[in-house]
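Novice: Those sequence lines, one after another, are chains X and F.
Those letters in the first sequence? Residues 1 to 157, by UniProt numbering.
Those letters in the second sequence? Residues 1 to 157, by UniProt numbering.
These are calculated hints, taken from the structure and not from any lab test.
Just so you know, not all the hints are guaranteed correct.
To be verified - Taking lysine to any residue pairs in the SDA-like style, the calculated list, with each CA pair at most 20 Å apart, reads:
#1 X:K71 / F:R31
#2 F:K71 / X:R20
#3 F:K71 / X:S30
#4 X:K71 / F:A27
#5 X:K71 / F:R20
#6 F:K71 / X:Q34
Said to hold, decoys possible - Just so you have them, the derived chain F footprint on chain X, three or more residues with Cβ under 8 Å:
#7 9-15
#8 25-32
#9 57-64
Where is the CB? At the ideal position from N, CA and C, for every residue including glycine.
The lines below spell out each chain.
There are 2 protein chains.
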Amino acid sequence: MAETRWLDDAEQRAWRGYLRMNTVLGAALSRQLQVDSTLSLPDFEVLVHLTDVEDERLRVSELARVMRWEKSRLSHQVTRMERRGLVAREECLSDGRGAFVVLTGAGRDAIEAAAPAHVDAVRRLFFDAITADDVDALAGISQRVIARVEANDVCPS
Amino acid sequence: MAETRWLDDAEQRAWRGYLRMNTVLGAALSRQLQVDSTLSLPDFEVLVHLTDVEDERLRVSELARVMRWEKSRLSHQVTRMERRGLVAREECLSDGRGAFVVLTGAGRDAIEAAAPAHVDAVRRLFFDAITADDVDALAGISQRVIARVEANDVCPS
């Protein structure tokens, strides 16, 4: 392996800042959902992915891939959500490619009820702290890093 | 509650991009550590926090607070690392404020062995994809968001 190119001071500051922001912001938003809604952050994330797609349904394997979760972990998550009526599993016998997870009416109600306070927290803790230029910079950074990771990835989304 | 200020298109793009970048980059770096080292991403994170402090030791409660983990989850993580010799627990009988987690020689060896390939991956997947201006922008964004979250937080780090 070639000699390691260690991070310089500016990179170190950016990388540590990025990791720290993820940690504190993720924890704060997770706590906000716990306090203000009936959903956990993973529940919320699953429901967002389902509301994003045309039929409000995704295969378990597809959802695991998009969320970058181990399939077994995602399957447990879906089972817990199914018990609470937030999603339903639909077997797809015809093609053998595994079950679908489908948004239910209760799931839609739950995410619609949780969304306003969640967006308020995202705005208060994140967008109100940064400038419009920062918003554009972050969108660009994210886009470039995602493209880079996916180009290096054996299982791109 | 006042009317929700939903995210506009630019904010939506930045927020979704940020979340997606976290997901794909976190998964890629986690996999990289699995392949190239004996450490998981949480192992690595615990060791980084210990190498960062003067005595290479932190109270379990302090480590949980800094990492924003539930104390019980962190305690299980530390127990697993202790069994592998990466850290040691030292009871502190004098003050009743709970045990310390201490970096061991094996822990230091493990993180030193893991660091070069991890930094290479961070550079390849992240820094090589963005510009020097992006690096400064991200450092600034992170700093402002962390300050905002911690000002709103009941348990700032």
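Novice: Which of the listed hints are broken here?
Specialist: The structure conflicts with hint 9 only, although it agrees with all the remaining ones.
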